[in-house]
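**Student:** Protein chains in written order, with my numbering: chain A, 17 to 355; chain B, 4 to 261.
Any given hint could be a false lead.
Claimed, not checked - Simulated pairs of lysine to aspartate or glutamate, EDC-like, Cα-Cα distance not exceeding 20 Å: (1) B:Lys93 with A:Asp166; (2) A:Lys142 with B:Glu113; (3) B:Lys93 with A:Glu325; (4) A:Lys108 with B:Glu253.
Unchecked claim - Stretch by stretch, here's where chain B covers chain A in the computed footprint (C-beta under 8 Å, at least three residues): (5) 86-98; (6) 133-141.
Hint data in this document are derived by calculation from the structure and do not stem from the laboratory.
Every value quoted in this text rests on a predicted model; they were computed, and no experiment measured them.
The beta carbon of each residue, even a glycine, is placed where N, CA and C say it ideally should be.
Residue strings, one per chain:
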Amino acid sequence: MSKPAIRVEQLKKEFRVTKPREGLRGAVIDLFNRREQSVVAVHDIDLLIPQGEICGYIGENGAGKSTTIKMLCGILVPTSGTIEVNGYVPFKDREKFVQEIGVVFGQRSQLWWDLGVIESFRLLRKVYRVGENDFQKRLNELVDRLALGDLLNRPVRKLSLGQRMRCELAASLLHQPKILFLDEPTIGLDILVKSSIRSFLMEMNREHGTTIMLTTHDLQDIEALCSRVVMLDEGKIIYDGSLDQLKEQFGGGRSVQVQFEHNTLVENVFESTSGLSATWSKPEAQLDDGKTLRVTLDDVNVPISEILERVVKLAGIRDIAILEPNTEDIVREIYRKGV
Amino acid sequence: MRFDLFFEYFRIYIQTRMMYRIDFWVEIVTDMMFQMVNLAVIVVAYKLTPTILGWSQAELFFVYGFFMVPYSFFTTFFNLWNFADRYIVKGEFDRVLTRPMNSIVQLSFENLDPSSLAGAVTGVVIMYFSAQTIGIQWQLLDLVAFFVSVVGGILIYAGIYLFMISLSFFTDAQTGIMPLIWNIQNYGKFPMDIYNKMIRVLLTWVVPFAFVGVYPAAFFLRRDGLSLWLTPVIGLIILSIALVIWRFGERSYRGAGS
Numbered sequence: 017m018s019k020p021a022i023r024v025e026q027l028k029k030e031f032r033v034t035k036p037r038e039g040l041r042g043a044v045i046d047l048f049n050r051r052e053q054s055v056v057a058v059h060d061i062d063l064l065i066p067q068g069e070i071c072g073y074i075g076e077n078g079a080g081k082s083t084t085i086k087m088l089c090g091i092l093v094p095t096s097g098t099i100e101v102n103g104y105v106p107f108k109d110r111e112k113f114v115q116e117i118g119v120v121f122g123q124r125s126q127l128w129w130d131l132g133v134i135e136s137f138r139l140l141r142k143v144y145r146v147g148e149n150d151f152q153k154r155l156n157e158l159v160d161r162l163a164l165g166d167l168l169n170r171p172v173r174k175l176s177l178g179q180r181m182r183c184e185l186a187a188s189l190l191h192q193p194k195i196l197f198l199d200e201p202t203i204g205l206d207i208l209v210k211s212s213i214r215s216f217l218m219e220m221n222r223e224h225g226t227t228i229m230l231t232t233h234d235l236q237d238i239e240a241l242c243s244r245v246v247m248l249d250e251g252k253i254i255y256d257g258s259l260d261q262l263k264e265q266f267g268g269g270r271s272v273q274v275q276f277e278h279n280t281l282v283e284n285v286f287e288s289t290s291g292l293s294a295t296w297s298k299p300e301a302q303l304d305d306g307k308t309l310r311v312t313l314d315d316v317n318v319p320i321s322e323i324l325e326r327v328v329k330l331a332g333i334r335d336i337a338i339l340e341p342n343t344e345d346i347v348r349e350i351y352r353k354g355v
Numbered sequence: 004m005r006f007d008l009f010f011e012y013f014r015i016y017i018q019t020r021m022m023y024r025i026d027f028w029v030e031i032v033t034d035m036m037f038q039m040v041n042l043a044v045i046v047v048a049y050k051l052t053p054t055i056l057g058w059s060q061a062e063l064f065f066v067y068g069f070f071m072v073p074y075s076f077f078t079t080f081f082n083l084w085n086f087a088d089r090y091i092v093k094g095e096f097d098r099v100l101t102r103p104m105n106s107i108v109q110l111s112f113e114n115l116d117p118s119s120l121a122g123a124v125t126g127v128v129i130m131y132f133s134a135q136t137i138g139i140q141w142q143l144l145d146l147v148a149f150f151v152s153v154v155g156g157i158l159i160y161a162g163i164y165l166f167m168i169s170l171s172f173f174t175d176a177q178t179g180i181m182p183l184i185w186n187i188q189n190y191g192k193f194p195m196d197i198y199n200k201m202i203r204v205l206l207t208w209v210v211p212f213a214f215v216g217v218y219p220a221a222f223f224l225r226r227d228g229l230s231l232w233l234t235p236v237i238g239l240i241i242l243s244i245a246l247v248i249w250r251f252g253e254r255s256y257r258g259a260g261s
């Protein structure tokens with residue numbers, strides 16, 4: 017196996033922040049004597065990301081996602097631990113290192129506000145020392161894939177957010193980086209732009225083997241793109257693995273929703289399936305017509321047909337639906353309760 | 004140094020400026036007017052007395068004109084008065100650090116202000132005419148001396164202000180110290196003998212703006228060699244110290260949260 021794209025061991029980042037006192041009196045006291053506090057934003061994390069992987073990095077606001085990404089990009093210097101990205105220690109050989117990575121921070125622009133998009137691209141070509149021929153070839157490809165044709169000569173300030181984000185992506189890829197860091201690339205975008213950005217990233221990953229690491233709050237990004245999910249909470253990694261595994265581990269088993277012909281009592285239904293480790297519950301209020309019930313199977317060995325066979329004797333079944341565990345629900349649950 | 008990048012950034016500057024053409028001319032005109040008002044103050048002062056502590060009006064003009072040359076080169080390449088606000092508080096320094104280019108050079112190029120060079124031209128014109136009035140005998144070596152002291156002056160400015168903006172890495176907030184320094188800097192335009200001892204020490208040894216304006220200019224007027232050659236030496240020392248502080252600051256940069 018080739019060298020990993022990202023290798024991180026016991027990485028830690030601690031910030032010193034001042035803790036202001038309350039009120040006017042407090043503000044005056046603060047002038048002379050500030051209370052300092054150290055906040056651990058990233059707490060001894062380990063990560064190993066092989067080349068060519070698309071890794072989703074999720075967590076609540078303030079979990080330490082951006083801090084990690086910034087350390088991986090060489091913007092922040094870690095408090096302790098080791099980082100190696102693409103064979104470099106990011107903050108040490110910064111200039112050489114950033115030559116081979118691309119960075120997009122969703123809420124910040126790397127383009128010149130007043131000028132046509134192409135002007136920024138030309139400048140970036142020089143900054144990254146991309147040859148004229150390579151640049152033209154690459155630009156054509158990006159223009160084609162991201163449908164930038166009409167946008168190139170427009171001033172950045174006149175672009176919509178979706179248009180701008182496509183240009184930002186192109187800007188970060190002009191120098192063919194091996195690793196692409198995206199911090200909330202789809203924030204504030206509409207569904208169409210989101211899905212076109214997703215399929216673009218997939219193509220880049222497939223055709224150029226670009227390793228992609230992205231943070232997002234939109235779990236559909238994760239579903240569409242990521243073979244790997246890393247979940248962060250209060251600076252610690254609480255899950256690292258595939259999305260399927262996440263669903264399996266936290267999805268709470270298979271569920272089936274059954275709609276009976278007549279009103280049915282939960283107690284009766286529950287009794288009929290006793291011994292099968294099935295848990296019955298009422299659906300959400302808007303679906304609760306007195307006839308619909310849900311069952312969750314904790315034991316993988318119990319076939320669904322067994323359940324249906326038993327309950328069908330109580331009342332006729334009008335409809336059944338097998339419920340896939342929804343990533344959003346799973347993640348919400350994890351955020352709320354922890355692992 | 005990558006000169007191709009300088010021209011690339013310069014192109015961006017011109018293109019941006021062309022979007023706001025009027026703004027460009029207004030800036031040059033106001034800049035000129037600012038200098039004229041300063042000179043007018045000198046003229047008014049000399050209406051009252053023929054010399055001030057042995058300095059004639061033409062001599063003071065000469066010092067003033069000399070001062071303008073390194074200063075305007077400095078502001079052309081070091082237009083970073085809003086550094087703390089734009090790069091630290093708003094976090095644009097993130098972007099600077101993700102590009103394969105020295106961060107200071109990048110900041111300099113991103114904020115180029117060539118319109119300030121008008122000041123250098125004005126300064127040379129003022130020097131030329133006041134030198135004629137004074138009757139300075141120019142020698143070939145003077146050109147070298149002029150060049151050396153201008154470069155030295157730029158180094159001193161760059162050092163002092165780089166030091167100042169480096170501090171904003173540690174404080175996370177805009178400090179009021181920049182306007183203060185800017186005011187002190189303007190004292191360097193006048194002969195040191197007119198100030199009391201404390202200000203003289205301050206301008207010579209603490210924030211050595213005297214080495215940008217009056218000391219090197221005095222070389223041409225009074226032929227006092229030592230202070231002229233001290234200018235680049237002090238410039239190099241200050242700039243080196245500032246670069247060390249900058250490196251430290253860059254490492255403790257924390258970035259605006261997002």
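**Student:** So is the segment 86-98 of chain A in contact with chain B by the C-beta rule, three or more residues under 8 Å, or is the coverage claim wrong?
**Tutor:** holds (count 6)
**Student:** Examine the segment 133-141 of chain A for residues whose CB is less than 8 Å from any CB of chain B, and state whether their number is three or more.
**Tutor:** holds (count 3)
**Student:** With the threshold set at 20 Å, check whether the alpha-carbon distance from Lys93 (chain B) to Glu325 (chain A) stays at or below it.
**Tutor:** Violated: Lys93 (chain B) and Glu325 (chain A) sit about 64 Å apart, past 20 Å.
**Student:** Is the Cα-Cα distance between Lys142 (chain A) and Glu113 (chain B) 20 Å or less?
**Tutor:** holds, 14 Å
**Student:** Would you check the hint for Lys108 (chain A) and Glu253 (chain B), treating anything up to 20 Å between C-alpha atoms as holding?
**Tutor:** The hint holds at about 12 Å.
**Student:** Between Lys93 (chain B) and Asp166 (chain A), is the straight-line Cα distance small enough, at 20 Å or below?
**Tutor:** violated, 31 Å
This entry does not satisfy hints 1, 3, going by the numbered hints stated previously.
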